[in-house]
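These protein sequences, in sequence, are chains Y and B. Residue numbering for the first sequence follows this note's numbering, beginning at 1 and increasing consecutively. Residue numbering for the second sequence follows this note's numbering, beginning at 202 and increasing consecutively.
These are computed hints drawn from the structure, not numbers from a lab. Quick reminder that beta carbons are idealized off the backbone N, C-alpha and C, glycines included. Among the clues, some could well be false.
Said to hold, decoys possible - Quick list of simulated restraints, FRET-style, between CB atoms:
#1 B:V232 / Y:E40: 47 to 57 Å
#2 Y:E4 / B:I357: 14 to 24 Å
#3 Y:R129 / B:D329: 51 to 61 Å
Unchecked claim - Computed footprint of chain B on chain Y, listed as stretches where at least three residues anywhere in the stretch have a Cβ under 8 Å from a Cβ of chain B:
#4 97–107
#5 191–201
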Amino acid sequence: MMTEVCHKLHTLLEGKVPELIPTDHLADTDERRLAQLLNELFAYLQEVQEFILPLSQGTLDKIQPPRPRNFLGSPFKELHSRLLHLTWQANQVAQGDYSQRIDFMGDFSEAFNCMINSLDRHERELRGRISELQEALDRITQLEGILPICMSCKRIRLEDTDPRQQANWVAVESYISKRTKAMFSHGLCPECVERYRAENF
Amino acid sequence: MSVEQDKTRFTWQNLGDVNLGRPNLGPMVPVTVYRLMQFTLWDVLVAELGNEQANDIMVKAGKLAGTEFCRTMLNTSLPFNEFIAQLQRVLREQSIGILRLERADLETLQFTLTVAEDLDCSGLPCTDEVVCRYDEGFIAGLLELYTGKPFSVKEIDCWASGDRVCRFSAQGIRD
Chain Y
1 MMTEVCHKLH TLLEGKVPEL IPTDHLADTD ERRLAQLLNE LFAYLQEVQE
51 FILPLSQGTL DKIQPPRPRN FLGSPFKELH SRLLHLTWQA NQVAQGDYSQ
101 RIDFMGDFSE AFNCMINSLD RHERELRGRI SELQEALDRI TQLEGILPIC
151 MSCKRIRLED TDPRQQANWV AVESYISKRT KAMFSHGLCP ECVERYRAEN
201 F
Chain B
202 MSVEQDKTRF TWQNLGDVNL GRPNLGPMVP VTVYRLMQFT LWDVLVAELG
252 NEQANDIMVK AGKLAGTEFC RTMLNTSLPF NEFIAQLQRV LREQSIGILR
302 LERADLETLQ FTLTVAEDLD CSGLPCTDEV VCRYDEGFIA GLLELYTGKP
352 FSVKEIDCWA SGDRVCRFSA QGIRD
């Protein structure tokens, strides 16, 4: 019996789960009890191995978890549960849901939550930029096309308004300032300076 | 709440103003005290009514609690994902447990979730049985109020059966 037990344990230490020890022929009660306990241990380890190997390769579905009361396997069940949760959360984030957070999973939590915050911040920044660019594009579009301008005083008529109403004609500076970020500073060009002098002095 | 009152007459106001009533001791009690109340009550129910009926009462009580908790503490108008994020946060803030959703199928109304460090069973000695009947009802109550559909919730792994994690399977019943 002892030789067989040593052989089985040696197999176990080599990373393999040994065959069960036949108990029928064991007359000694203690030996039979020892064999039964070892068989139980082997069965537990078999379950753990069949569960953890596919899990280590990333398989989360369709794997058989160790039975209840298999205490050797319960930490792996806990790990399996957490990996499933992480996968669900990652899928939600992939769909643009940044409200998810991982709680109490040590380094995983910190890295994952940091990633979500970062994605959320970058997306907000991008949306802000897009909005600014859209506004700029809108302004550019507003200055496109044919502007109705008074050939004498150079006032511009507001879009889609009655040309007979004087209030609908505004100064070029006013027109452009309201549609762009451009501002005007006033001065005189050389030709106008001469004309101004001639008219006023 | 008086003993004559039917359970369906429970309202959140029945819980009273804890801050007013316990200005020095505050609103928190040790988990042991919570378990002492629940397990002794359950023990008496089993002794008086048998296992099946006692378990059924615990599930129903949990469902009532889950429904009222959801009605009072949660915003049920949120989309599903945001509702789950909110539920996870509130359960953590209230020190009820750490919710982790593993699977959710809104078409078939099938959900798998775990509650770690839960009030009922985390750290219990192994008894070869699932014991979170109250939690089963609590989760069913939450989901029923949120979805408007009846739910059947079963605990499939439990700390008390040596699993180190309490995992629940929830199945909604469509009209």
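List in ascending order the numbers of the hints, as given earlier, that are violated by the structure. Going through the list in order, the structure violates hints 1, 2 and 5 and respects the others.
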